[in-house]
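Undergrad: Using the sequences provided together with the hints, build the complete structure.
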Amino acid sequence: MTGLVEEYLRQLRASLRTRPEETSRILAEAEDHLRESVAAGRAAGLTETEAAEAAISSFGTVRAVVRAHQTARGQAAAALGHLFMAIWLLAGTVLTSVFAVGLYITVVMAVKGPQPGPDPDPSPGQLAYLVVACGLLGLPMLGSYHRVRRSLQRSRSRG
Amino acid sequence: MERERLKGNLDLLLLSVLTTGPAHGYAIITALRERSEGAFDLGEGTVYPALHRLEAAGLLASDWAEAPGRRRRVYALTGKGAAALAADRARWRRFAAGMQAVVGWPA
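If you read the protein sequences in the order shown, they are chains D and P. Using our numbering, the letters of the first sequence correspond one by one to residues 1 to 159. Using our numbering, the letters of the second sequence correspond one by one to residues 1 to 107.
Don't read these hints as lab results, they were simulated from the structure. It should be emphasised that the depicted structure is a prediction, and the values quoted were computed from it without experimental measurement. Glycine included, C-beta positions come from ideal geometry on N, C-alpha and C. Check the hints yourself; a few may be wrong.
As the list claims (entries may be wrong) - Stretches of chain P that chain D covers, calculated by requiring three or more beta carbons in the stretch to come under 8 Å of a beta carbon on chain D:
(1) 22-28
(2) 42-49
(3) 81-94
TA: The structure is reproduced here in structure tokens:
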């Protein structure tokens, strides 16, 4: 088999979001199809590379094939998953930003010492609690987001 | 031939191709292209989900067969598939006759 077909099948394996037994069937059928298509191209006088390129072009892009194999239910679940991940990332980023800004203000206030005039609202103590709470929530949220993303990427590349 | 219109009739086309006997995906797709004289030229990889769907609906059955150095899935029409095909063909003939009566061939 040519390297082009192997590379196409590798990309297809990495992109499919189907159950393992389904993935193995899809890949076996794609391989059989592409090898037959390449053989037909060779028989028609194309070079190995030309035949592989023509076979892959007729089969369709990895993206189109993956989309065709995803059921409507699978697509809806994937869309919902993406939405949840996006909201989680946004919330984590906002909380972490508040933590970072709050930490800066707290440090500046601590360095300047008590200011004359009425007590600021929120008081430095309240602000410190708020900053710590944002940090305790936001940082683990960002961490878990990246862990989930990495594990999803690993499971995709394993196919 | 627009792809969307073709996709809407893909089940009927696939079932029709398999009336000549069991075949694997590449043979089905090649037959579709040759019998339509090149007019039905789908993204080949997108035909397989349709075959899987027809099998899940009980209209096709499939099994692994040995090809040189690899496995291949061979599809066959089931009794339910043959009945569905007969009904689909009758609907298609009525539709095509109606279209033909109104649109006709170009002069």
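Undergrad: Compare the structure with each hint and give your call.
TA: Here is how each hint holds up against the structure:
Interface restraint, the region 22-28 of chain P with chain D: holds (3 residues with C-beta to C-beta distance below 8 Å; minimum three). Coverage of a stretch by a chain is defined here by at least three residues with a beta carbon nearer than 8 Å to that chain's beta carbons; for the region 42-49 of chain P and chain D the count is 6, and the condition holds. Look at the region 81-94 of chain P against chain D: 0 of its residues bring a Cβ nearer than 8 Å to a Cβ of that chain, fewer than three, so the hint is violated.
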